[in-house]
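Residue numbers (the UniProt record's numbering), protein chains in the order written: chain A, 1 to 338; chain B, 1 to 338; chain C, 1 to 338; chain D, 1 to 338.
Bear in mind the hints are in silico, worked out from the structure with no lab data behind them.
Only a predicted model underlies this, so the values are computations on that prediction, with no experimental measurement involved.
Warning: the hint list may mix true and false statements.
Just so you know, same-sequence chains aren't split out, so a pair can sit in one copy or run between any two.
[Said to hold, decoys possible] Computed list of lysine-lysine pairs in DSS-like fashion (alpha-carbon distance at most 30 Å, straight line): (1) Lys160 to Lys16; (2) Lys70 to Lys327; (3) Lys94 to Lys32; (4) Lys32 to Lys67; (5) Lys94 to Lys67; (6) Lys160 to Lys32; (7) Lys145 to Lys16; (8) Lys70 to Lys94; (9) Lys32 to Lys202.
There are 4 protein chains.
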Amino acid sequence: MVVILRNGSGDEEIEKVEALSSRLGLSCHISKGAEKIVVGIIGDDRYTSVERFEALECVEQVVRVLKPFKLVSREFHGEDLNVEVGDVSIGNGKFAVMAGPCAVEDRSMIEESAAFLSEMGVRIIRGGAYKPRTSPYSFQGLGRKGLELLREAADRYGMKTVTEVTGEATLEAVSSLSDIVQIGARNAQNFQLIQRVASCGKPVLLKRGFMNTVEELLLSAEYIAYGGNMSIILCERGIRTFETSTRNTLDISAIPLIKMQSPLPIIADPSHASGRRDLIIPLSRAILAVGADGIEVEVHPRPESALSDSKQSLNFREFERLMQELKSLVDTRELVLT
Amino acid sequence: MVVILRNGSGDEEIEKVEALSSRLGLSCHISKGAEKIVVGIIGDDRYTSVERFEALECVEQVVRVLKPFKLVSREFHGEDLNVEVGDVSIGNGKFAVMAGPCAVEDRSMIEESAAFLSEMGVRIIRGGAYKPRTSPYSFQGLGRKGLELLREAADRYGMKTVTEVTGEATLEAVSSLSDIVQIGARNAQNFQLIQRVASCGKPVLLKRGFMNTVEELLLSAEYIAYGGNMSIILCERGIRTFETSTRNTLDISAIPLIKMQSPLPIIADPSHASGRRDLIIPLSRAILAVGADGIEVEVHPRPESALSDSKQSLNFREFERLMQELKSLVDTRELVLT
Amino acid sequence: MVVILRNGSGDEEIEKVEALSSRLGLSCHISKGAEKIVVGIIGDDRYTSVERFEALECVEQVVRVLKPFKLVSREFHGEDLNVEVGDVSIGNGKFAVMAGPCAVEDRSMIEESAAFLSEMGVRIIRGGAYKPRTSPYSFQGLGRKGLELLREAADRYGMKTVTEVTGEATLEAVSSLSDIVQIGARNAQNFQLIQRVASCGKPVLLKRGFMNTVEELLLSAEYIAYGGNMSIILCERGIRTFETSTRNTLDISAIPLIKMQSPLPIIADPSHASGRRDLIIPLSRAILAVGADGIEVEVHPRPESALSDSKQSLNFREFERLMQELKSLVDTRELVLT
Amino acid sequence: MVVILRNGSGDEEIEKVEALSSRLGLSCHISKGAEKIVVGIIGDDRYTSVERFEALECVEQVVRVLKPFKLVSREFHGEDLNVEVGDVSIGNGKFAVMAGPCAVEDRSMIEESAAFLSEMGVRIIRGGAYKPRTSPYSFQGLGRKGLELLREAADRYGMKTVTEVTGEATLEAVSSLSDIVQIGARNAQNFQLIQRVASCGKPVLLKRGFMNTVEELLLSAEYIAYGGNMSIILCERGIRTFETSTRNTLDISAIPLIKMQSPLPIIADPSHASGRRDLIIPLSRAILAVGADGIEVEVHPRPESALSDSKQSLNFREFERLMQELKSLVDTRELVLT
């Protein structure tokens, strides 16, 4: 890291920095400018050390030089990592379409969805059983019953499932019944939950919090990797900005940016990013064209009577058009649509 | 709620809105303008209903008329609510100073802190045992041992304690050993945890997520109230914006805004809001002057060797000056400093 | 517009709203709910009227029903509008690539750029003569000399030019020497300048301010249309958010959103949106795939010695690859690359 | 500045950095870590130089060490600067209340305002003649006539005036008729206008753009100082964030932060920051308590019939209460209310 001292600092302040470095087992490199003294600290660059230097009165600013994440970085693992979910592979030059309703509402609607999506070539069906809702008065999901209905429907059509876990108490149920365990945007920095999910033995779909930077997303992924699980799919789903005409702002730049920094596959969620059904198709085209490994999209047999996220769910006819458009684009990227 | 139809809508679209209203047990009031048709829906205004109308193809926009929260609203409870923590009262015209280190690091530092703070008149000591850290490589807190050390130190000086709970698995430990259970900014929409905290029988300090609106904060509080617990202290701790010269942006307007909408006491945290020791005193003055019920502030015997948040912790000398400044201001508000 | 009254309002408050409506020549439609009174105001919905109602003490909220812009709306002009710049057309199913250096630095570099870009098929060359720089110590552009050099270079290769106007005093020079007059992000709400540009007789490239909503962009465009000039090209160039790993956040959703609301052509600027050379190609692919009418991109013969924006300029080799990638994608949209 | 090289860099890359440094007349200091090479560049740290290094392919990141502004910095001018407006002084331990209507609407209302405000002890009256309005259909101000009416009213009561200039074409009129020339938030980076205002010979009230960082505000001020005018009053007026319950978010931390970095006086505008009349009094208390040198606040004889900003203007009775509250607080800061 690089430590910049306040104006007026001199030998006494340099000694303080050297003393702290020495206590932390690090070495120093002093650089005196006309106005400022800059100290290069050789070695560790982790958050804890950074904070220790920041706490010195004589320090104006500390700049990290090394990325704070390691196991999920390109430096550590140069080639793209794929995530295998049974016979379905995420990454690996394929463009995965994960689709399904926001929430599992009853047996017939999830069966109907699975039948349709399977016919359209979709291999991974999504559906919420435990719903994190902003209001306590909103539909909260069917719980374990929802997990079972999703499992049944997927099995009948040879599909894999992805569903969100919203707390430690329900992790056992989710990880035993779903193929991919999703950590949602509101839990993107719920580290206690993330640590437990890491060791559940299932691939993890980690959504970026709508308030998190790319670096924070990769640090949350680092928690999972550190817990011994490298089957991580990252998901960009929009960040919160001042613009209110969309629910969130899809940060499409994050996708190639993450690809440069990390070997993990990354998909995007145009439904939550925009919150508007009429934007899902153009955004999905952009997501494919920018180089993502897939999308997660909300589809409902009858959006107008959905119990949640009705405004941002495609109906079957719209989903069919989405798949057609993706197919025509996918050729330009030499991808396979999965 | 008010439903605005898309251009070109006519009787057919009005009938769709009426049909849905009738299915949901609501009544309609049609208003035809030169260009637009607007429908007033009389009755319930909850998220679920709003979403149902939004899902209709013919609907351009739905505007809620009623606040989505109820139990924590001024409409429901006109007078200020105080939170009693043993013999200490939060609200009630008093200005509470909750202070202590970011994390409990060992017995001697927390004892030293409690002795000093108690002498300064502080009645509630803060200290983290389970720390939600952005990086898995940062100091994660002492866990249960930290809770016990905080309890011991507080008891020796007749103080009350506040500490953060970071997951369901450790809630039992936190709620049995701490007087106030804190829900941190990163868990501000971890509804599964919030629901469990609601029923733990202890007062709750609910921090606003750094990317949450005031309305979302009040909805998270509504979850707690809905779970039967009205001992809720709200806490503004800065929101994330484009400005990077402070760690977050203290949203000081949120304090009087919440006072108008809710009877719950509200405090602010100048340490996390600014991330800079040199801003804590002026911000605390502003927080008092704007009408808050207190502050939560980080104090450490030796910030320069703190294991976390060292950059934003006051040392003892600075804290003493903070208290002096607050005392001179407090007279202008006819408050009692607690 | 819809006016929602505060709790506790009754006949007296309704009369106040009716009186104001009547003064403004508008009519009212009263809707009494169990808790709230809602008044539909039939007629005008402009900002001024909205503010008048908001000022009444008894009013809690006013919701506009009509879009505040008119001349640039789809409602007013259903079909796509193209902007003709001599024999070059923007819109009309074509994808325009406007390219060139951030600033015109001297004759040889702009000549070299024009020669190269022209050979690559680019028809519109960009180049700054008056540069709006955050610091007074940064390179401020060559001024009128820069305009002349750009004109000469473009003429030699049969190209059209686009350059930014930064103030009223230099508008005459810019509009007489450039084919398209650009209003930059920092002047996106400099209404006095915008009004004058409107009447300069040249097509206008209007960039979205990095802190402006889509609605504000369209209102700035409305100023131009209201001034009698419908040759307006909108440009999304990234908004300011909390994410700092890119210079701004490309709001890709704004492109289809604007297409739905307005017939004006819209392009995007991946250079300013990202501030990173290594993101320009993937972002350009996404911009094409999402449905934009073109891009404006920074290219420099030797970015490493550019006097401004060097970090976000492509070199010639990179630009060649960009064009190849766009060409392979453009077939999927049945566009013509211009 | 500090230049951090990409992984894999070696002697060849170091030589490139040294060569560029040498061309720019700067010297280098190399620091080789285990993973990274860091180069300290001694000397100039301006934007232009920073960009040159950023453009090198081998460079990952450049960190500025020196502040980019100089003339308006504490380092350059240690003691607080006051701005003298005739016999009224801004800064200097006083708390200035600048008040008046958003816009001058006619002679009688501005006369009535001046009479009242003067009686309340206000020495500087505000009032807009040229209004920068988001919509072309909103009231645009009375223009020169408005300036004259404001001047007359102020002169009758021995007051000073502040009014906004919105373009170069009207600067002559504004600077000849007003005592203080205001640069509004939408023109906070309209550098061509700012440069002209700098040389108009009048004190300048420079508002922070709602999209600008503190550093950018100080750089805009640097333009004025660089133009030879040190009579600059800075004004915090709220920044744009995701929170929509207030019009903007008052960044109260910016006030002490600017005080630390710059000797210029700084005031705040609670009217524009909040957009809500009911927040102005508590926010003004906070602004005083945090250490600002004054406020600029909107007051109107009859807000409910104001032609602009009616929602955020105090009426006379409310303004009287504001002054009382400020007087009781001002004693705690040993300030004089002006």
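Hints, verified against the model:
no., hint, in the structure
1, Lys160 to Lys16, "neither (57 Å within a copy, 37 Å between copies)"
2, Lys70 to Lys327, "neither (36 Å within a copy, 38 Å between copies)"
3, Lys94 to Lys32, "neither (52 Å within a copy, 40 Å between copies)"
4, Lys32 to Lys67, "both (26 Å within a copy, 16 Å between copies)"
5, Lys94 to Lys67, "within (28 Å within a copy, 42 Å between copies)"
6, Lys160 to Lys32, "neither (60 Å within a copy, 49 Å between copies)"
7, Lys145 to Lys16, "neither (61 Å within a copy, 32 Å between copies)"
8, Lys70 to Lys94, "within (26 Å within a copy, 44 Å between copies)"
9, Lys32 to Lys202, "neither (52 Å within a copy, 41 Å between copies)"
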